[in-house]
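Asks: Chain by chain, the residues:
8 protein chains.
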Amino acid sequence: MDIERLRFLLENVKSGHTTIDDALKDLKNLPYEDLGFARIDHHRALRNGYPEVVFCQGKTEEQVRIIMEKLVAHNRTVLATRATPRMYQEVSKSIPGARYHELGRIIEFGAGVTPKKGTILVISAGTADLPVAEEAAITGNAWGHFVEKLYDVGVAGIHRLLDKQQLLNTARVIIVVAGMEGALASVVAGLVDKPVIGVPTSVGYGASFLGLAPLLTMLNSCAAGIGVVNIDNGFGAAALASAIIRSEETES
Amino acid sequence: MDIERLRFLLENVKSGHTTIDDALKDLKNLPYEDLGFARIDHHRALRNGYPEVVFCQGKTEEQVRIIMEKLVAHNRTVLATRATPRMYQEVSKSIPGARYHELGRIIEFGAGVTPKKGTILVISAGTADLPVAEEAAITGNAWGHFVEKLYDVGVAGIHRLLDKQQLLNTARVIIVVAGMEGALASVVAGLVDKPVIGVPTSVGYGASFLGLAPLLTMLNSCAAGIGVVNIDNGFGAAALASAIIRSEETES
Amino acid sequence: MDIERLRFLLENVKSGHTTIDDALKDLKNLPYEDLGFARIDHHRALRNGYPEVVFCQGKTEEQVRIIMEKLVAHNRTVLATRATPRMYQEVSKSIPGARYHELGRIIEFGAGVTPKKGTILVISAGTADLPVAEEAAITGNAWGHFVEKLYDVGVAGIHRLLDKQQLLNTARVIIVVAGMEGALASVVAGLVDKPVIGVPTSVGYGASFLGLAPLLTMLNSCAAGIGVVNIDNGFGAAALASAIIRSEETES
Amino acid sequence: MDIERLRFLLENVKSGHTTIDDALKDLKNLPYEDLGFARIDHHRALRNGYPEVVFCQGKTEEQVRIIMEKLVAHNRTVLATRATPRMYQEVSKSIPGARYHELGRIIEFGAGVTPKKGTILVISAGTADLPVAEEAAITGNAWGHFVEKLYDVGVAGIHRLLDKQQLLNTARVIIVVAGMEGALASVVAGLVDKPVIGVPTSVGYGASFLGLAPLLTMLNSCAAGIGVVNIDNGFGAAALASAIIRSEETES
Amino acid sequence: MDIERLRFLLENVKSGHTTIDDALKDLKNLPYEDLGFARIDHHRALRNGYPEVVFCQGKTEEQVRIIMEKLVAHNRTVLATRATPRMYQEVSKSIPGARYHELGRIIEFGAGVTPKKGTILVISAGTADLPVAEEAAITGNAWGHFVEKLYDVGVAGIHRLLDKQQLLNTARVIIVVAGMEGALASVVAGLVDKPVIGVPTSVGYGASFLGLAPLLTMLNSCAAGIGVVNIDNGFGAAALASAIIRSEETES
Amino acid sequence: MDIERLRFLLENVKSGHTTIDDALKDLKNLPYEDLGFARIDHHRALRNGYPEVVFCQGKTEEQVRIIMEKLVAHNRTVLATRATPRMYQEVSKSIPGARYHELGRIIEFGAGVTPKKGTILVISAGTADLPVAEEAAITGNAWGHFVEKLYDVGVAGIHRLLDKQQLLNTARVIIVVAGMEGALASVVAGLVDKPVIGVPTSVGYGASFLGLAPLLTMLNSCAAGIGVVNIDNGFGAAALASAIIRSEETES
Amino acid sequence: MDIERLRFLLENVKSGHTTIDDALKDLKNLPYEDLGFARIDHHRALRNGYPEVVFCQGKTEEQVRIIMEKLVAHNRTVLATRATPRMYQEVSKSIPGARYHELGRIIEFGAGVTPKKGTILVISAGTADLPVAEEAAITGNAWGHFVEKLYDVGVAGIHRLLDKQQLLNTARVIIVVAGMEGALASVVAGLVDKPVIGVPTSVGYGASFLGLAPLLTMLNSCAAGIGVVNIDNGFGAAALASAIIRSEETES
Amino acid sequence: MDIERLRFLLENVKSGHTTIDDALKDLKNLPYEDLGFARIDHHRALRNGYPEVVFCQGKTEEQVRIIMEKLVAHNRTVLATRATPRMYQEVSKSIPGARYHELGRIIEFGAGVTPKKGTILVISAGTADLPVAEEAAITGNAWGHFVEKLYDVGVAGIHRLLDKQQLLNTARVIIVVAGMEGALASVVAGLVDKPVIGVPTSVGYGASFLGLAPLLTMLNSCAAGIGVVNIDNGFGAAALASAIIRSEETES
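Residue numbers (the UniProt record's numbering), protein chains in the order written: chain A, 1 to 252; chain B, 1 to 252; chain C, 1 to 252; chain D, 1 to 252; chain E, 1 to 252; chain F, 1 to 252; chain G, 1 to 252; chain H, 1 to 252.
Keep in mind that the hints were calculated from the coordinates and are not lab data. Honestly, I wouldn't trust all of these hints.
As the list claims (entries may be wrong) - Below 20 Å or equal to it, Euclidean Cα-Cα: the simulated PhoX-like pairs (lysine-lysine) are:
| # | chain 1 | residue 1 | chain 2 | residue 2 |
| --- | --- | --- | --- | --- |
| 1 | H | K59 | H | K70 |
| 2 | F | K117 | F | K149 |
| 3 | C | K14 | C | K59 |
| 4 | D | K164 | D | K149 |
| 5 | B | K70 | B | K59 |
| 6 | C | K116 | C | K149 |
| 7 | D | K164 | A | K14 |
| 8 | H | K14 | E | K14 |
| 9 | G | K14 | B | K14 |
| 10 | G | K93 | G | K70 |
| 11 | C | K14 | F | K14 |
Quick caveat: nothing in here was measured; it's all calculated off a predicted structure.
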C-alpha cells in the first residue's frame, strides 16, 4: 500500500464514500495481520520508499512465483535476488513483464524508482566477482540511483583505478566487490574521501575459507571509512548505498 | 608522467636526443613514477579536511608525545585514540592545550572542525560498550558533526528506542555499538530507513569469542542497510559516518 | 547390587562359603555390574512416556523401514525425523498407517500422546526456517502438547510479535527458530518471562558459516532465560519443551 | 495507538478537523509510537517478580556501588554477579546489609523471593567448576527456589550420580556445570526425563579452547532435552531454570 | 619382500647359488628405487610385519586396481580402505580372490596375519558410526587380532556397556567410535584401566562441524588413558591397537 | 584403599575381628559417599592400580595442600601435576616427604610403584617442550615404568633420532612431545613399529594458535600408529603409556 | 605487447614512419584502457617477462576460450590453469596448437620461455598431491626453468629423499607439495640450505580441515627458510620459484 | 651403511663368519643407521655458513646466557632473537662483546658474515610493525646481506612506495611486514617482478584475531610471487631471503 493509496482512502473517508468503520477495518489490520507477511512489507515499503525484494535462495520455483505475483499486484517495482534461470521461467509464466539479469541473478519487474538521484560506483576486483557486483549494480539502479561500473580492477592494476579519478570523484558512494585477499577495498578507501562499502566475495580457494579472508581484510583495513557487508551480499551493499544517498533528505 | 612529458620523450627519440634503449627503460616503468601519485595524495589531504588522528595502542608514552608534537605544529585539530591516562600525562607536558576524554580514551587538541553539519546518533547497548561509543561520539564531534547519544538501550528495552522516534528521525547516520549478541543493530535498522553503522564490541565472555559473536550477528543481519566496522572500532564508525555526511557535497 | 546382596556376600565370607579371593573379585567390580543400571533404564523408559523417534539422516531407505517396523510393533506412536519423501514411500509399503509431513520432513505413525497438555508456541524468523520450525511443531504435537505457530516474524517486524501478546502470554514454552543473525530469540526473551528455547538454523550464507552466527547470537543473548539447542535441531527443541511442561508433575 | 484513538483520528478527518496530510503523517509512524511498548515493559516488570541483577564484569568498583545503591532503594532483593572481593568492600561501605558469596562471586542484598517453590538440582563435574555452579545455586535460591547440589561428579564417577537417584527424581530442573569435555550433561540427560540446562565452563586447557569443547559437546548431545547457555553463564542457567519453574503458573 | 624372501636370498648367498654382486644389486635397491613406491612398502612391511594397505579415497578405479595388482604379487595380505563398490568391481576383474566388506568399505585380499593374538574391542555409539567402526574391526582382524564388537552403545544406554563388563575385561585395547558429542570415549575410559583409542566421526550436523565436536570432546576427556586419532580414521585406530598388542614382543 | 587393605578387611570379617555390620558400613560407603570425592579415588585406585594424582591448575595453594594431606594418608604414592613452587612450599609444611620436580612442575610423594616394568621413551622436539616432556617422564616413572629420554630432537636433526635406534628398539611405547609444527611425531612413527603417543604443546607463536598447529599435524599424520592427547598433556600421555604396558596382563 | 613490439614502435617514431601523435595515442592508452583487461596483462607481461596465465576455475568454457583467443594473438606462450577437459575441448576448437596436461589441469599454448635457466625441484608427498605438483612443474617449465620431480616421498620414507642428495644439491629452489600433515616441508628444509616453497594441499580428510592442517604445519616449521603459498596453489609456488631464479639478474 | 660395508656383510655370510640370523638383524635396520645421516648434517653445517641463532622466547635469562656462552665459544657470530632487556643484562655479564638491538629485540655477538652480498629490502606498513621489521633487518645484515628499509608505508600511502622505484629495482628480495589487513604485500608484489616474502604481524585488534587476518590476506594474494612466513616471524623471513640470495651459488 503506497502513500497514494493511503491518501485515497482518507479522501474517501472525508467525502463519505467510505464509512469510518470500513476505513478502521482497513487501517487496523494494515501493517501485518490479514494477508500474511506481504502486508508487512507494504507497510515497510510505505515508510522506506524502496521497491519490494524477494530473496530466492532456498525457495522453490513455485514459491518464488507465488510471492512475486502477490507483490506485483501492489508494487510498481519488485526485485527477486539470487534467482536461477528456472525460477525466471516459472515467474514469467504469470508475470510477462518480468525481466531476468542473468549475470546478476535478478528478476526485475517494473520501471524502478524515478527520477534517478546520486551515483553509486561499483568496483570489482576479478571476473569471478561479477555476479555479486551486478547484483549491487542492478539493485542500485532499480532503487533510483545512477550506477557506474569499474570492473576487473585487481590490486596488481592500481593504475587503472587512478586513471578513473573522475569517476571516483563524481560518485556519492563506492561499492568495492572483491574476493581472494580483498585488498582492493583498502586501496580504494585510501584514494577517496567518501563512503566505501566493502563486499567480500567467496571467490577464491584454499585459505580464502569461503570468503573469510577478504572479510577479515576489509574489517581490518587501515584506511578509515569502510563499512563491510556480508560475504557475497551485493544486494545489501546497494541497500546501504541507497540509504546513504537518501539520507540527505532527512536533514531539515 | 603527464601527457606533455610523454610527448617530450617521443620528440627526443625522434630527434635522436634520447636513444631508443633509454626511452625503453623510461617507458617500462611508466605508470607509477614521478608526481602522479603524490598529487593524488595531496588532493586527498586537501579534500579530506579532517583532523589528524594517532592510534596510540602499541605505542610508548614517549612515542605518542613526539608524534602529537609534530602534528600539533601543522594542524588545527589532532586526536589520539586508545590513549591511556599516562599517555595523556606525557602529552600534556609539552602540549598544555590537550584535553583528555577518559571514558572514550581520546586525547584531543584544538577546537574541531566548524561549523558543524549533520547529526550522528550513537546508540549503545550496555554500560560496558560506553568506551567504544564515546570514541565514536568524540571523533564525530571533532570532525564537525552534531552528535546525539542514546546509551544503554538493550534489546530487552526496545521501547526506549521507540520512544526516541524523533531522534531516530532527525539523524543522518546511526552508529550502533553493541557487544554480547549484537542484535541491537538489526533492530535499529528495522526501524529506520537510513544508513546504520554497526560496531561490534569485545564486551561479553565465553562464546562471544572476543567480539566474534556480535560481528557475525551484524554481518548476517536480515535488515538491509547496515555497514559493519571492526570490533571495538568506534573511531572507524565515526570516520565512515563523517564520510557519509560529507559525501553529499560531492554531487554537482 | 543392593545392600542385601552385599550382606549375603559378607556372611558367606565369614562362614567360609566364599573364599576371600572370590569375594575380592566380586567387590572390585561392585558399583556397575548386575541389575543396578538396567533398572534405571527401565525406570526411564516407564517414566518417559513419549513416542519412539528415529533420526533418519544418514540411513538408507531400507534401514528406516526396518527400524520403523520394529518400533511400530511395540509403540503407539512413532516419529521418523529428517525423512525424505523416498524414505516415506519405502516405509508406507509395510506401514500403511504412516503419514508424511513434507515441510517438517517427518514420518508419523499413531495418534500421538493424549490428552494434550500445555501450549508450545513456535516462532520462526523467515520462510526458509520453516522446515525446522515444523519439525519442532509436529514433534511437540505428537508428544501431547498444544502447538501454536507464529511464522515469518523477522526482527524488522517486531510489531507483529507485540500484537500477539495474547499468544505469548498463554504459551508455557516458546521455541524461536531463526537463521541469519538469529536476533529474534533475544527480542522474544526480552518480551516474556517464560522459558525460551533458541534453535539457530543453517539458513543464510557467507558469514553465517552454516549457522554459527545465529548460534553465537543466541548463546550470547543479553536477555536471560534462553536455552539453546543444536543448529537446525527442531526436534531437540520440542523434546526440551516437552520435558519442561511435563516437569511440573515431578513435584509432590 | 489503541482502536479508540484511531477512530477519533478518522472522525476528525471526516469532519475536517484534521487535514489529510496531518493524518497521513500520524499514520505513517503508527505501529511504534506512544504508549504501546512502554506498557509491555511495565507489564514485564510486574510479572517478572525477580530481583534486580547487576553484571559486574568490566565495571569499576565505584560503578558497582553506585548502581547497587540505586537498585537497593527500590528492590527487596538485589544480586551483583561476577563481583570481586574489592567490589564487595566498596559496596559494603554504603550498603551494610550486603553479603558476599566468595566462591560464587556474588554480592547479595535482601532476603530473596519467598516462599520458595520448586527444586533446582545443580550438578558440577570438577572442583574448578564450582564458581560457576555456585553462581547458579545462589541465584536460584535468591529467586525463590529450593536448590540441591551434587558437586564433583565426573564422568569417571557416574555411580555417584546413580546413587542420588532420589535427588534426580525430586528436582524440577537440573543444571549441569562442566568444563573439559563436558560429557556430564549428556550422561545426566540420559538418566532423567526432565529439563536439563547445560553450562559449559572455560575450565580446562589446550584443546578446550576456553570452553569451546564442552560447548560443542553439549550442543551435539545425543540425549534429547538439553538446553545450553553461554560458557561460564551460571546466572543464565538459573534464570532459565527459574523461568521453567514459574512457567506453570501461566496455564489457566 | 617379506622376511622369508630375505632369508632365502641370504641362504642362496651362503650356498653360492647367488653371487654377492647379484645379492648386492638386489639389496642396494631394495628399499625404494626400482619399481617405484611399491618397494618402499615392501621394506616397511618387512620391518613392520603388517599387510600392505591402500588408501583409495581420491584415486580412480583404475589406479586402485593397478596398485593392488602390484601389491598382491608380493604380499600375502592386502587391504584397500575407503573403497567404493565400483572400485571393487574393477579390482575383482584381475584379482578374483579379493573380497569386499561393503559396510566397512574395504577390499581385502588374502587370509590375514595368523595365528591371531590379542583382542581388540570396537565400541560404537550409533548406527551411523558403523562404517568407521567396521573399518577398524576388519583391519584389526586382518592384522592378526581377535576383534569383538559392541555397537550402538550411546551415552543414554550406558547400562549396555556395563552389562558387558566381561568383554571390557578381556580386551587388550578398546576402540571407541563416536560422532555427535563423542562422550562415549570418556565414559568407557572411566570404566576400564586399559588403553582406549578414540575415533571421532563426522556423524552429526550443525555444531558438530564435521567431527570437530567429538574430536575436542575426546581430546579434553577428564578420564586418563585415551589416545585420539583423526576424524573417521577407523584404520588408524586399528593400526595403533595392533601396535599396542605387538609392542609386548619388544621387551626382552 | 588398596587391595591389601580390602583383603585385610575381609580377613577380619572371616576371623570375626570385624562384625558384618561394621564391614558393611565400610564397604557400602566405600566408593564415594562419606568423605567426599577422596573416596571415589580410593575405589579407582583399587581398580586401576596407579597412584593418586591431583591436577593443581586453578586450585589455590591451600586447596592443594588439603587434598594432598587426605590422599597421603591412604596412598603410598601421590602426584600433584601443574604445581607451582609456592604450592610446593605450602604442601611441604605438612608433608615433609614431598619432593618437587621444578621443570616438570610435579610434587611427588612416596616411592612410586615397584617393581618397575616396561620402558617408555620420551622424545621432545625443543627446549621449550621440556616441562611437558618431564611431566610425562616423572609420571611414567612414578607409575612403575622405566623411562628413557631423548630431548631436543627437532625435525632438522633427524640423525640424532636415527643414531638412537637401540633406544627406539627397546622401548615399549614412545611419547613424542612437540610444539611449533609437531612434525616429529610423524617422523618417529615412520621409523618404528610400536605405539607412538603424540603430545602437541602450546610452544610456538603466531599461527601455532596455542598448539592447534601441532595438534592438527599429529592427527593428520600419514604414518599409522599415533594416538594423540590434549595439548600440553604430558600426564595424559604417560597415563596412556602406562595403560598400554599394563594391558598385557589382561590376557589369559 | 612485448619488448620487441615496443622497440619497433620507437624505431618507427625515430624513422618518421609513425607520427608522434599516433605513437602518443598508442602509448597513452597502453597499459589498460582500450581493449579491456587484456592490455593490462600486456603491460604486466612487458615488465614481468613471463607468459600470460588464465585462472579457469569459476569461468565457463566459452569464457576460457574467448580469453585465450585474445591472449594467443599477442603472446608467444599462454597457460590456462585449473582447466577441465571440457574447457580444453572448447579451446582446441579455435586454438589447434593448444596442448592439455590432464594431471596438472593446464592448457598450454606455445613453446615456453627459452633458453631455460635454473632448476626447480618439485617434491610431493603422496599420489593425491600430484595434480598440484604437476601444476607447479608445468608452470615452472613453461616459464623457462628446468624442472626435476621427486614424487611420492612421504615422511615415512625419508631415506628416499636422502638418496637423492644430488638432486637436492643441484636445484636452485625446492617446491614441497604436501597434504595431510604436511611435515615433509620441514624435513626437506632441515636437509638443505636453499629456498623451500611449501604448498599445502587439501588432500586428506577429517581434521585436515581442507588443508588447514598442512598450512599451519608449514607456517610453524621449526626449520628456517620456508615460504608458504595458498592451499593447492601449485601455480603460485612456481611463480615464486621463477621470481627467485630470475632475481639474480637484478643485481648489477 | 655404504656399499662397501654391505659387500663385507654378504661376504661374511658367504664365508660363514656371520650367521644368517645376525645378517638379517643388521639388514632389517639398514637404511638409517651409521654414518649416513650424520654426514648430511655435517654437510649442512659446513654449507650453511650462517651464524647460530637462539630463540629466546620461553627461556629463562639464565638459560639464554648459558646457551650463548656455549655458542660464542665456537662461532664467529651468534644472534639471540626475541630477547628481553633483562636477558641482555644477564648475557652481557659473561659476554662483554654482545650488543643489544632494543627495537628488534636481538642480542648480537660478532661481526656478522662478510663480505656482504645481495640487497634485502624490508618494507613495513605501520609503526607497530617495526619490531618485526627490525628483527628481519638485523638478521639479514648479520647473515651477510645489504639491508635497505622502507618503513611506515601503509596502503593509504602507496605513492611513497612508488617514489622509491629505484629501491624496489635494486633489491634482490623484498620482505613486506604488515599487520591489520596486510594488503601491502599484494600491492608490492603487483609492482615488482621479484620474490616477495610476506610477514603478517599480530599488530591490530578485534577481527585481526592476533594476525590471522593479514596471514589470510597474504596467502590469498591475487599477485603471484609471494611466499608467506609465520605471524611476527621476522627472523624466518630474513632466513628465507638469505637462502634466496645464496641459492645462486648452487648452479654450476
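Asks: Below or equal to 20 Å on CA atoms is what counts here, so check K70 of chain B against K59 of chain B.
Replies: Within the cut-off at roughly 16 Å; holds.
Asks: Taking 20 Å as the top limit, are the C-alpha atoms of K14 of chain C and K59 of chain C close enough?
Replies: violated, 56 Å
Asks: So if I understand the rule, the pair passes when the alpha-carbon distance is 20 Å or less; does K93 of chain G with K70 of chain G pass?
Replies: holds, 14 Å
Asks: Check whether the Cα positions of K59 of chain H and K70 of chain H lie no farther apart than 20 Å.
Replies: Holds. K59 of chain H to K70 of chain H sits at ~16 Å (cutoff 20 Å).
Asks: Taken at face value, is the distance from the CA of K14 of chain A to the CA of K164 of chain D at most 20 Å?
Replies: violated, 75 Å
Asks: Starting from K14 of chain G, check that the Cα of K14 of chain B is at most 20 Å away, please.
Replies: holds, 4 Å
Asks: CA of K14 of chain C to CA of K14 of chain F, is that 20 Å or under?
Replies: holds, 4 Å
Asks: Are the Cα positions of K14 of chain H and K14 of chain E separated by 20 Å at most?
Replies: holds, 4 Å
Asks: Would the hint linking K116 of chain C and K149 of chain C be met if the CA-CA limit is 20 Å?
Replies: Distance of about 16 Å is within 20 Å: holds.
Asks: With a cut-off of 20 Å on the C-alpha distance, tell me whether K117 of chain F and K149 of chain F pass.
Replies: This hinted pair holds, its Cα atoms lying about 16 Å apart.
Asks: If you draw a straight line from the CA of K164 of chain D to the CA of K149 of chain D, is it 20 Å or shorter?
Replies: holds, 11 Å
Comparing the model with each earlier hint shows violations of hints 3 and 7; every other hint is respected.
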